[in-house]
Amino acid sequence: MTNSPNGHRVPLTPARLGVWLFLAVATMIFAALLSAYIVRMGSSDWHSLPKPGLLWVNTAILLFSSAALQWATIAERQGAHRNAQIGFVAGAVLSALFLLGQIWAWVVLHKLGYFLNTNPSSSFFYLLTAVHGVHLLGGLIVAAWTVRTTERLQLFVIYWHFLTVVWVMLFGLIVLT
Amino acid sequence: MSEKTHREHGGFWSRYIFSQDHKVIAVQYTITALLIGLFGLVLSWLLRLQLGFPGSFQFVNPGSYYQMLTQHGMIMIVYLLTAILLGGFGNYLIPLMIGARDMAFPFLNMLSYWVYLLSVIVLMAAFLVPGGPTGAGWTLYPPLSALPNAAPGSGWGIKLMLVSLVIFIAAATMGGLNYVTTVLQCRTKGMTLMRMPLSVWGIFIASVMALFAFPALFVGGVMLLFDNLLGTSFFIPAVTLLGQQLPREGGNPLLFQHLFWYFGHPEVYIVILPAMGIASDLISTHSRKPIFGYNAMVIAMAAIAFIGFIVWAHHMFVSGMNPYFGFFFAVSTLIIAIPSAVKVYNWLLTLWRGNIRLNVPMLFGIGWISTFIIGGLTGLPLGNVIADVPLHDTYFVVGHFHLVMGVAALMAIFGGIYHWFPKVTGRMFHETLGKLHFWVTFVGAYAIFFPMFLMGILGVPRRYFDFNVLQYLPPQTSALNIAITVAALTVGAAQLIFLGNLIWSALKGKRAEANPWGATTLEWQTPTTPPPHDNWGAEIPTVYRWAYDYSVPGAERDFIPQNVPQASLDVHLRQPAAGEGVRSRREPGANLGGDKI
Amino acid sequence: MQAALTSVVLVVIVLGALILAASGIWWFTPLASNWNEIDGALLLTLAVIGLAFVVLNIVLAYLVLRYRYREQSRAHFLPDNPKLEKILIGITALGIVILLAPGLLAYSRFISPPRDALTIEVLGEQWRWSYRYPGPDGKLGRANPKLISPKNPFGVDLTDPAALDDILSYTELHLPVGRPVVLHIRSKDVIHSFFIPSFRAKMDAVPGMVTHYWFIPTVMGRFQAVCAELCGIGHHRMQSPVLVERVEDFQQWLAKQPTVAATVKP
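Protein sequence lines correspond, in order, to chains F, V and S.
If you read the first sequence in the working numbering, its first letter stands for residue 1, the second for the next number, and so on.
If you read the second sequence in the working numbering, its first letter stands for residue 1001, the second for the next number, and so on.
If you read the third sequence in the working numbering, its first letter stands for residue 2001, the second for the next number, and so on.
Extracted from the complex, chain F is given alone in its bound form (with noise of 0.2 Å):
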């Protein structure tokens, strides 16, 4: 419980509450995306994708972002902020390579011959890190801006474990397709 603007309790700040409902946006996009992905999939043409193993790679770097920013803001509640603050830096720095990682996959399938038309599973592979890449890039560049306060950081820091979460699903599909 926390004291909304007028002073009447309020179960979430309203800051908290924004960020949840813009979870729920976000998650109604890759619904949607995944549906159309899976729809897809079941035509003829469908043929599977190589996946380059540096897709592995990527996923452990940003899981150990969302690690990083988690050790973060435990560090911050503590109030170790110096350690608060390499979690912070570690974080971002992870995010930012894992960033790379997707564009090098890119790469590497390109290199491949699986360009955005080859394949509807080339087309979603590119569409999907797309979208995705550019949530954790919006983030980053709205937490660079906003990020001034525990709460602020806590809410980016769910923010990232969702984009981490959502990855590991559009990751585990793919693998298995």
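Worth flagging that the hints you see were computed from the coordinates, not collected in a lab.
All figures in this text were calculated on a predicted structure; none of them were measured in a lab.
Ideal Cβ placement from N, Cα and C applies to all residues, glycine included.
Any given hint could be a false lead.
Stated by the list, open to error - Which residues of chain V face chain S? A partial, calculated answer using Cβ under 8 Å:
#1 F1292
#2 G1293
#3 G1354
#4 H1392
#5 G1459
Unchecked claim - Covered stretches of chain S (chain V as the covering partner; in silico rule of three or more C-beta atoms under 8 Å from a C-beta of chain V):
#6 2019–2026
#7 2034–2048
#8 2053–2064
#9 2074–2087
#10 2227–2240
Take the given structure of chain F and dock chains V and S to it, following the hints.
Showing chains V and S alone in chain F's frame:
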């Protein structure tokens, strides 16, 4: 924040242009939406001129006809109706009606408007690029929309359309997050959810729907853009266009339709729920009577929103989807008629034994009831799957959706603009011009759209540049088309009267009182009119009662504002011997300043 | 004054609408297929909503007049009436069931073509309809959109033995009277919709898939098929004659049309 700190920020630019004041943003949204709506109206004149007087206007050829048709539809549904109801009314009414100083996220709110404006500019840019705007129909069905040279505007036009939609979705999402958060978190003391005016309920539920519906359009739009721009085959199967085999295969055109209508049908309710809420408040206030069945009204809106997400494929009964889906979607669609009917009954029961003031806002309220009745009822044959088979994509559909989400929604919007105009500008509008606007619009709308039902029953398909090839038309049809065109031009001219009235009255109108309608809701109880930047001055109001205490037995006046405590009423009792004093409706819990959320 | 005007206008609108509808100038084309069930379901729906339209608007007109503003009078404080609300919901629900039940029964027949129906393929393209009939073997050959070429406009798979005897018509749809027909509808390019108003049936023609509907032509004569889905700048010109004739006349006409084998030969 006090009024003083707001004033200190005060330069012209930050006060009127890059303002974070929800009231200024609301006016910006409304003016932009009305201007783009005026453009959409002019497009409809050109369409009607062609249909009434085929071939008389050189610049309307089949290509430009279908382009104008497409742009008219998209502009009216998305850039006018959605924007004005959520961005305009939502922004103005939510904080004032729930007793907040501003939206939860004022900066995001400002950003929402500017992003919306950008989407409008991108949309309009399509008229200037080579090939012009897209002519693939507002539903943008691929392959027509996606393939080069399949439809007019298949080059730049469709790309700009899709980019504009994606930008609009970003703006609508920023707005929606704000509206929902503000309603849930920023209500003043005593303003429980079940004391909120129905306008706020309608806008709130529509905002939740927008947050869950627009993502589907976003995904469909981005995938369509990929198909158009980058040669992918999400929605494109193997096709032979203009004698050429295209290097595409396997895509599924119906996949787009599902994504589109998963957004598109909730979109209808995103428009109609705020209109329902506004109309409810107009009808209650000007009948001087509580809205009948407030709880039922709220539940009906929530039910419409919920069921509204599982009816989308009734737009696809003859699309070639699995025909067995027809059973499910026909049933869900007709079930949604029940909460809609409840709303109509309750509006009529609100009028019953009222004391009805037929001023301009109320006339539009009456117009809303009548046009919503015919627009809503004509949805039943379209939802009853077998009856839809002959009617689908005929003029019956054109009449139906124009009356229900065009005319009816506009009745609520016009009524709302007239109703809140004194609060927004501090001046009264011109009454006679307002009445003229109403009568021409209301009667004209029937003259335009009712005959379309009959043409649809006859089997005249929609989206026809002319009807020359149809051999089953009776000879009187061309006279009918002329009559419809004349009515359309007349109704269009009445909208110019409306815009003129707005501008003239905002500058020269008679000074308005703080609460000219004797309304109960909080926005009429502000310290000044128009309200100051922070809405309430030194102290935000406390709410002691629901929004509909009109003609309460025993009370001195025929309305009790929401911020009047019970104690102060009991002092002024007309009939002190009345036993329990001034009783409001049966409210769970105490009547006094409860603070339960 | 204002109230009287409003009531009168509402009543005039209702009367005007009824008169225009009753004039019968724009009403169903005479039914020429077995689908009187569709007409029945639609007419029932129109009757119910027509009644509701008249009653609700007249009630509205009455209320506006009866409860017009009077300086000395006061509205009756009536926040709700749960019993009345339940009754109204019950009546509405009953009305919905009455509309839906016959409609769904008719729909279930509409989507179940009889086994002995004559199969005819309809092919839409910008902006015309063409048709393929099975040859003496009674079967349509397989088709594949990838095989479409100027010589093979239907993309018929020539390796399918059932294909070569198929019969093509590029202009008109001829139908034998009294025999069930199931249409297999395809499109070459964009989405079209094959609509024969006199038969009450329509279905989209979607590239990449085959859609269906069936009917029995019951009246001999000349009808029209039109396109009911926006398909580009020629949409309003996309139509085709539909001729329903005696079985012998139909057979005679069919014998004169080219076969696939004759079309693809150099």
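If any of the earlier hints don't hold here, list their numbers in rising order.
none
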